[in-house]
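Colleague: Work out the full structure, taking the sequences as your base and the hints as a guide.
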Amino acid sequence: MTPPRDLLDAIARDDAESRLRALDADGTLTSGLLPELEEGRGFEQPALHHYTVLEHNLSAVGALDRALGAGVEGLQMPDPSEEISMAEWLGREIDGRPLMHLLRLSCLVHDIAKPRTAVVREEKLRFPRHGPVGAELLEGRLGALGFEQASIDFVTTMVRYHLRPGEFARSWPPTDRALRRFARDLDGQTLPLLLLQLADGMATRGPTYRRENFERHIAFLGHIVTRTEEALREEEPALVDGEELMRELGLSSGRLLGAVLTSVREAQLAGEVDDRATALALARQSLERLTAEG
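According to my numbering, the sequence shown is numbered sequentially starting from 954.
I should point out that these hints are in silico values taken from the structure, not numbers from a laboratory.
Beta carbons: idealized from backbone N, C-alpha and C, even for Gly.
Treat the hints with caution; some may be incorrect.
[To be verified] The calculated label-pair distances, taken between Cβ atoms and stated as ranges, are:
# : residue 1 : residue 2 : range
1 : Asp979    : Ala1245   : 55 to 63 Å
2 : Glu1041   : Val1072   : 36 to 44 Å
3 : Glu1075   : Ala1245   : 29 to 37 Å
4 : Gly1211   : Asp1032   : 53 to 61 Å
5 : Glu1183   : Pro988    : 21 to 29 Å
Modeller: What follows is the structure, given as structure tokens:
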């Protein structure tokens, strides 16, 4: 089974938004392809948003192509750095399709779960966990449409984490550890997610989005992408090594030692342990668990 040709054709074009709107106009988009998008039709959003949920999703697709093409008020999107080429990254293939095509699809569905997660708290409309809920929803929907697993993984990762960059903006500047975790969670696809966040921001403001907004977005994107690459090259040293664990825990070289080391390293990279004492304590807990499991 292969994904529907009309959907693949739409996301393959630079005028993807207009082609998707044509599919919506004839009922194909929300009745046959992605019925969950219909929940966003006419669904109003907080005042910051210019469009309803479905209009916002569609507009985000066009915003992505606008950002990468003509730009905003004469300002075009540059490469993040001399070492990182936007065209090369977006031209990489997943399941035989350019990543750019799947990024357009991610823009189309990034807020697909907003209507079903909507709640009013303190007199404000909120959409808690709409990213993760949308990712779970799309896992099944995209599979049913015939997308291969690598493509599904890419789109669901984009949807799941599309609000993550906003966390950096609230606690600026992000630490190297936070950037490494960001890259791990995204399986290295940092630039595509930041482009989705940019398209999301453009579609949020709609016609009120201006050159100064674009300048700030470009600077933010460039900083995160380049600093993440640098942080990954400067991977922090391990808090404990194999010799220390052999000495402290009475272990000998082998699979058990390797498993304990891995559990400690993963916890360190996730920010769950940050000094030698807590690393050793976790190593002891891991050893007890692994020994009990046989």
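Colleague: For every hint, state whether the structure bears it out.
Modeller: These are the hints, each one checked on the structure:
Here the CB-CB span from Asp979 to Ala1245 is close to 60 Å, well matched to the stated 55 to 63 Å. Checked against the hint of 36 to 44 Å, the pair Glu1041 and Val1072 passes, with Cβ atoms roughly 42 Å apart. At roughly 46 Å, the beta-carbon separation of Glu1075 and Ala1245 lies outside the given 29 to 37 Å, and the hint is violated. Gly1211 and Asp1032 have their C-beta atoms about 40 Å apart, which leaves the hinted 53 to 61 Å range violated.
Range check, Glu1183 to Pro988: about 43 Å between beta-carbon atoms, so the 21 to 29 Å window is missed.
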